[in-house]
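Colleague: Here is how the chains run, residue by residue.
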Amino acid sequence: MQAKTTILSLPTEEFVHPGTRACTGCGLAIAYRVGLKALGKDTILVVPPSCLTVLQGLFPIASTKLACLNVTFASTAAAASGILATLKVQGKDNIKVAAWAGDGGTSDIGLQALSGAAERGENFIYLCYDNEGYMNTGAQRSGTTPIGAVTANTPFKGKLQQKKDVPAIMAAHNLSYVAECSAAYPLDLFDKIRKCIDMPGTKYFHIHTPCPPGWGYDPRYGIKIGRLAVETGYYDLYEIVNGEFKLTAASEKLVEKRKLIPVREYFRSQSRFRILTDAQIAVIQNQIDAKWANYYKKDE
Amino acid sequence: MCWLFCPDVVISRTIPPKIDLEYCKGCGICAEECPTKAITMVDEAGFSEEDKDKE
Amino acid sequence: MHIIENGNVAAALGVKLCHANVIAAYPITPQTPLTEKLSEYVEAGEMKAEYIPVESEHSALAVCIAASSAGARSFTATSANGLLYMHEQVHWAAGARLPIVMCVVNRAVGAPWNVWNDQQDSISQRDTGWIQMYCCDHQQIIDSVIKAYWLAEKVSIPIMVCYDGYILSHTYMPFDVPDQEKVDAFLPPFRPDYALNTEEPANLNTVTLPDVRMDIKGEIAHGYMEIRYLLHEEMRTALTVAAEAEKRFADIFGRGGDPYVEPYLCDDAEYVAVGLGSLTYQLRVAIDTLRKEGIRVGVMGVRFYRPFPDVAVANALKGKKGVIVYEKALSYGYEGALASDLKSALYEHLAGTGTLPFVQNFIAGIGGRDIRTDDLTQSLRAATKSRVSKEPVWIGLKL
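Residue numbers (this note's numbering), protein chains in the order written: chain A, 1 to 300; chain B, 1001 to 1055; chain C, 2001 to 2399.
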């Protein structure tokens, strides 16, 4: 079993230059930076339109040091498949392909191509950074926006539908590895990428990514809010290895601790949840409690 | 911690950390996450050349 | 080696001879047998290629774009709504300057559903920046695929090789399959100026500003407008390179002709029928009938639709009394696209010279409506008496 990476053992080589076009306090910037450390320089990236496209910069200057192909919105996983095919005919089996897409580009418009690639067993890692909306275009709702969130096109009533559970959809493809991570726990993300990188087929990562302008908070609290999501039991860090589910890192510790921070603290930390009533929060709290009761039971 | 969580890769992995203020966007995550509260955010308007990172 | 096979097999053989090494496939009538044939070659080990059965046409072209960006010689094929589904990618491939070759087996577009032949699918992609070649028989299909790879890789522009669904794709004809050694002599391996790799990483197709911008070396890099201008400019240059392709092909394989137009009895003709694809061969029967009646008429197939060979076409039609354009597609709300482009070329090159022919536009075969040779003869005969109408006239309509 691999030892957990610590802040001291995390590789120091950087694959992103300072001066990206990301917003102040961008959660993606943290996840991306650490994710690239895990992937290393022998990686070709595939990026659809998203915050990452902007982060990487404007022609002719790029902030990423790795090779990257920008592609159309719906085609991320298909493009990754195309690069893989070429690497195969060229005999370059040491080069990895990593797709980085937002939640809109994954759960909505990109889902078809992703499902197709996963079904074909395409050997690449797909990382969805979930800032819970189409943040790049001004924070419109996406399939993974949580219920009750105010967005640019759910301005008064908030999103009426539940958050789409994309990792569950991907797990149904019988993948060797599916993981839920968070930008607030970059070392967990690093370890998971390193763990699965040589596993066969498509590896799917879903990374909870705090977004200051989209979620409505002072940028300095980004990591705190990311942690709150996990410590309230609202969002779980886990991995599914060949179909076997396991909580990891801080979420795993919560099973021992048996104490969750009330989820209201998470909701009250961001202005996008301002219209959630106490009654609605209570419903969500019950759902969380039920979910964790199950986790506690499995642990016994 | 500050080195790990900086979204813009502008903090060095040293003690004391050095911050490249040319590229720092002032998000304040480093100040918030520092366990010893060694970093203070200062409004750029009131910024003078001597006000670097305080230890 | 001469064989008798259908048009889809002719195309597949062309792709095999060209050693395409990444193939994306999605089924759609009437293209499906083409990519099925390719799967047979790949699984039997006759082609060393990665064959990716994608989950949509949009993904098919996405695979080709990514593969080509990384240095592979890629191929896909489609028809009608499949082509329309990948339309976003069609623009993308051209803007990204990738030498992808794609066969379009021409079929009518929905709504409503129709699987039979017309050319609305490829004609509607006219403005995307792809080179378009139209084939009249199976020999032209296999030869065009081979020429297309050479041309595409020379000018870094993707090429659609178009041929009529069912009429060519599913019918059987004798044709020559070129020797592999000769194809290898004609078409060297794909060596792009830059292929995505980790030794010299680059960020491809990123956001490009309206204006030019300085790079890290202090040099001014092109803005979007310059990049797009070069696509257009190099498409125009491709006309000359196409002639080079035709000559090289003729030198090695012993067959070829005019790269831009395929005339039949046009030299002394007073009236010339014009079209794209197999219809022009059917028109030859009408020509022969009318010639017996003493009418001096000929037919000319246009081989490249884009870039439009305006000079060649205008020269071929100079001094003619009338040009009768038969089309299996149109720009709704106006007229046939080929007719418009022809009129514009004639105006551009012949206006004021006193030799401007009239242009009569006939629309036929939409949705695979049977085109009776009799109707072609009658309409052509009528047009040689006087121009029938300024508006396009639909042949075979049963209102």
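There may be inaccurate statements among the hints.
With a straight-line Cα cutoff of 20 angstroms, these simulated PhoX-like cross-link-like pairs (lysine-lysine) come out [unchecked claim]:
hint	chain 1	residue 1	chain 2	residue 2
1	C	2048	A	65
2	B	1037	A	224
3	C	2343	A	88
4	A	224	B	1018
Under 7 angstroms between C-beta atoms, here's a sample of chain A residues computed to sit facing chain C [stated by the list, open to error]:
hint	residue
5	7
6	58
7	70
8	72
9	81
10	88
11	91
12	213
Derived by calculation from the structure, the hints in this document are not laboratory data. Here the structure is a predicted model, which means the values were calculated and not measured. We put the beta carbon where it would ideally sit given N, CA and C, even for glycine.
Colleague: Now look at each hint and say whether the structure bears it out.
Modeller: Hint check results:
no.	hint	result
1	2048/C - 65/A	33 angstroms, violated
2	1037/B - 224/A	15 angstroms, holds
3	2343/C - 88/A	49 angstroms, violated
4	224/A - 1018/B	23 angstroms, violated
5	7	27 angstroms, violated
6	58	5 angstroms, holds
7	70	4 angstroms, holds
8	72	6 angstroms, holds
9	81	6 angstroms, holds
10	88	6 angstroms, holds
11	91	11 angstroms, violated
12	213	19 angstroms, violated
In the structure shown, a violation is registered for the earlier hints numbered 1, 3, 4, 5, 11, 12, in ascending order.
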